[in-house]
Amino acid sequence: MTSVVSSEPSESGSQTLTISVGPQHSGSGHMRLIIEMDGDIIIRASPDPGYVHRGTEKIYELRNIIKNIPVIERPAIIDASNLNHAYIRAVEELQGIEAPPRAQYLRCLLNEMNRITSHLYWLSIFGVFLGHTTMFMWPLGDRELIVDLQEKLTGARITHSYIVPGGVRRDLPQGMKEEAIKRTQYLEKRLEEYDKIFFENPIFTARAKGVGKLSRDEAVKLGAVGPALRGSGVDYDVRKDEPYAAYPELDFNVCTRQEGDSYARSMARIDEIRESCKLIRQIVQKIPSGPFRRKAPIVVPRGESYSRVESARGECSVYLIGDGGDKPYRLRFITGSYRNMAIIAPVLIGGHMADMPTAWWSIDYWPVEADR
Amino acid sequence: MTVKGSIKAVADIWTAYYSGLRHLFHRSYTLRFPEQRLVVEKGYRGRHLLHLDRCTGCGICAWICPEKCITIVPRGERWYPQYFYGRCCFCHFCTDYCPEYALEETVEFDLAEYTRDRLVWSPERLARPPAGKNDKYVFSVETPRGASNIPRVGAKPEK
Amino acid sequence: MTTLTNIPSLEREDHILDQLKEKFGDAIKESRISRRSRPEVTIAMEKMLEVSRFLRDELGFDRANGAGGADYLRDQKMEVIYHVSNLTRKETRDIVLSVKEIIPRSSPKVNSLVSIWPSVENFERETYEMYGITFDGHPHLEKLFLIDNWDGPPPLRKDVRIPTD
Numbered sequence: 002m003t004s005v006v007s008s009e010p011s012e013s014g015s016q017t018l019t020i021s022v023g024p025q026h027s028g029s030g031h032m033r034l035i036i037e038m039d040g041d042i043i044i045r046a047s048p049d050p051g052y053v054h055r056g057t058e059k060i061y062e063l064r065n066i067i068k069n070i071p072v073i074e075r076p077a078i079i080d081a082s083n084l085n086h087a088y089i090r091a092v093e094e095l096q097g098i099e100a101p102p103r104a105q106y107l108r109c110l111l112n113e114m115n116r117i118t119s120h121l122y123w124l125s126i127f128g129v130f131l132g133h134t135t136m137f138m139w140p141l142g143d144r145e146l147i148v149d150l151q152e153k154l155t156g157a158r159i160t161h162s163y164i165v166p167g168g169v170r171r172d173l174p175q176g177m178k179e180e181a182i183k184r185t186q187y188l189e190k191r192l193e194e195y196d197k198i199f200f201e202n203p204i205f206t207a208r209a210k211g212v213g214k215l216s217r218d219e220a221v222k223l224g225a226v227g228p229a230l231r232g233s234g235v236d237y238d239v240r241k242d243e244p245y246a247a248y249p250e251l252d253f254n255v256c257t258r259q260e261g262d263s264y265a266r267s268m269a270r271i272d273e274i275r276e277s278c279k280l281i282r283q284i285v286q287k288i289p290s291g292p293f294r295r296k297a298p299i300v301v302p303r304g305e306s307y308s309r310v311e312s313a314r315g316e317c318s319v320y321l322i323g324d325g326g327d328k329p330y331r332l333r334f335i336t337g338s339y340r341n342m343a344i345i346a347p348v349l350i351g352g353h354m355a356d357m358p359t360a361w362w363s364i365d366y367w368p369v370e371a372d373r
Numbered sequence: 802m803t804v805k806g807s808i809k810a811v812a813d814i815w816t817a818y819y820s821g822l823r824h825l826f827h828r829s830y831t832l833r834f835p836e837q838r839l840v841v842e843k844g845y846r847g848r849h850l851l852h853l854d855r856c857t858g859c860g861i862c863a864w865i866c867p868e869k870c871i872t873i874v875p876r877g878e879r880w881y882p883q884y885f886y887g888r889c890c891f892c893h894f895c896t897d898y899c900p901e902y903a904l905e906e907t908v909e910f911d912l913a914e915y916t917r918d919r920l921v922w923s924p925e926r927l928a929r930p931p932a933g934k935n936d937k938y939v940f941s942v943e944t945p946r947g948a949s950n951i952p953r954v955g956a957k958p959e960k
Numbered sequence: 094m095t096t097l098t099n100i101p102s103l104e105r106e107d108h109i110l111d112q113l114k115e116k117f118g119d120a121i122k123e124s125r126i127s128r129r130s131r132p133e134v135t136i137a138m139e140k141m142l143e144v145s146r147f148l149r150d151e152l153g154f155d156r157a158n159g160a161g162g163a164d165y166l167r168d169q170k171m172e173v174i175y176h177v178s179n180l181t182r183k184e185t186r187d188i189v190l191s192v193k194e195i196i197p198r199s200s201p202k203v204n205s206l207v208s209i210w211p212s213v214e215n216f217e218r219e220t221y222e223m224y225g226i227t228f229d230g231h232p233h234l235e236k237l238f239l240i241d242n243w244d245g246p247p248p249l250r251k252d253v254r255i256p257t258d
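Chains as they are written, first to last, in the numbering used here: chain A, 2 to 373; chain B, 802 to 960; chain C, 94 to 258.
No lab work stands behind these hints, which were simulated from the structure alone.
Bear in mind the structure is a predicted one, so any value in this text is a computation, not a measurement.
Treat the hints with care, as some may be off.
What the hints assert, rightly or not - Within a straight-line C-alpha distance of at most 30 angstroms, the following computed DSSO-like cross-link-like pairs (lysine-lysine) qualify:
#1 C/Lys236 / A/Lys222
#2 A/Lys296 / B/Lys869
#3 C/Lys116 / C/Lys183
#4 B/Lys937 / A/Lys183
#5 C/Lys170 / A/Lys59
#6 A/Lys153 / A/Lys279
Between the sequences and the hints, there should be enough to build the whole structure, so can you do that?
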């Protein structure tokens, strides 16, 4: 819970109050936010991460590249395959192999499913922290539609370990195509209901519009990524700007909003769910036949590679240095949330304490993914 | 707020209430778990099934295991893997990398035990075929009242 | 599908590296292109601030994608690597330039680039705690992830061994 840390008069004579939100997850995630308030206005906010830091960058250096796959996924288990994809692309670039086209499509299929589940998970938490319990139940329930599909495809519900060097581990199961089309269409219908009950609800719009402003220049300067950046009007998406896997052959839009407030960031995500539904249908219809896995050695050749993908929370990049052994010599892993840590303070400062949950959760900062 | 704005706000709130209330007649998403069980399809990465006749005890499964949950134990002349499910992350890389196809994934997922040593599965226990449970519900979006779990076609009736 | 099979032209990458070499000459110690849209330069430590300012103002690399360290125990050196990219010009958004500086392992001290790219603030803090590299001119160089009373060696250095079972 929040607790009073100190209350002391500032130089100007007015009293400021420093409170600490978290780290026992009272709405901050597994991290602490030190907030200084003047009356009800936040005048200083500094994130204090590290409560779920597990030193994964050291662990990666001690395990071979296959054993690293489950560890790579752990920082964001609801968005596991996107992080995994970034890592595998870095490894493949060093090994000089490329997955067959069918594998590229299957990777994109799982990536898009993960994007949907991650955004729905965020939406449920966002809903419950705004006091809208229905919005907690519905997205978590509808997430089951996609999680069930993921289970059919990969054999696991969340941590898939599906993408491996040289391709993917399983082929598309029978009946998946029809099921995926049916379920994404159903999800799109549900999203219209979400609009009615939540996003067009005057109680929500009054709390979200104009709250937690982040200007375009500031978002670019501070290195915001993902929907937090696209909500500020920058049409930056790695899938479009540096297309990887099967994305050059797929047709989709980058969802941007101009306002830069909490509402814009939220709606950018909802638009992305719609785009992902379309992408899933496209992928299962366009998928080429052929092999889905190619032989790949368990070795990291000498050299360096840098790969990046668009994960659900933004650009996720892996910088890999190999020394010819079976383990990475150095693996620098920068996730979307880690980069969005820089925009926490500018989003919160100047707002009311009561607006803090809206502004904070609209960034979709995932402490585990940031701490790694 | 203008008059027009207030009217719109009232209308939008009523829309929100209405779309919520409609779901009073929606079927439930959840199941009462131990009694009602979801069908887990073949291909699910549950516990391992060990084919004792095929296993050569080469130890590749123990080498590739990311969590180091596999130990190779002797049984007479031969060696077999033994799993500690307290550490297993069910990635099934062991199944993938087994050169003799001696490991297989099963749909059995409820492996909770009261003590830690019961989580150690000996080769003999791993060789047992998975116990049949009365799984009968499947997730479907085609029911008239929204997505929910419905009994599978041809499932046995509840006792 | 992408990059590896079809041999693309590397004009844009060459152009960037040529401009850098022309302007700074000896300060550019090494430069190469690992693949399409991945140029890479190694810069003398002292010139880092100047080169970065040039990269930002003249070549349009307006944001840093990340920064990190690497420890080469055998060569007794460490590296700080910045990955910078461009967001304003749409046609060059795919280029990620690695900017490296090599520092001696005995006195790990470099100039902070927070004044050039504000987004590297957290990354430099992490590099400081994980590698023990001090960044001069960083606004608050404190521990980021490690606990405040951590008194062990910087954990990501190669001579720190953690027990594996």
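Checklist entry - Out of the numbered hints, which ones does the structure contradict? => result Per hint list: zero violations.
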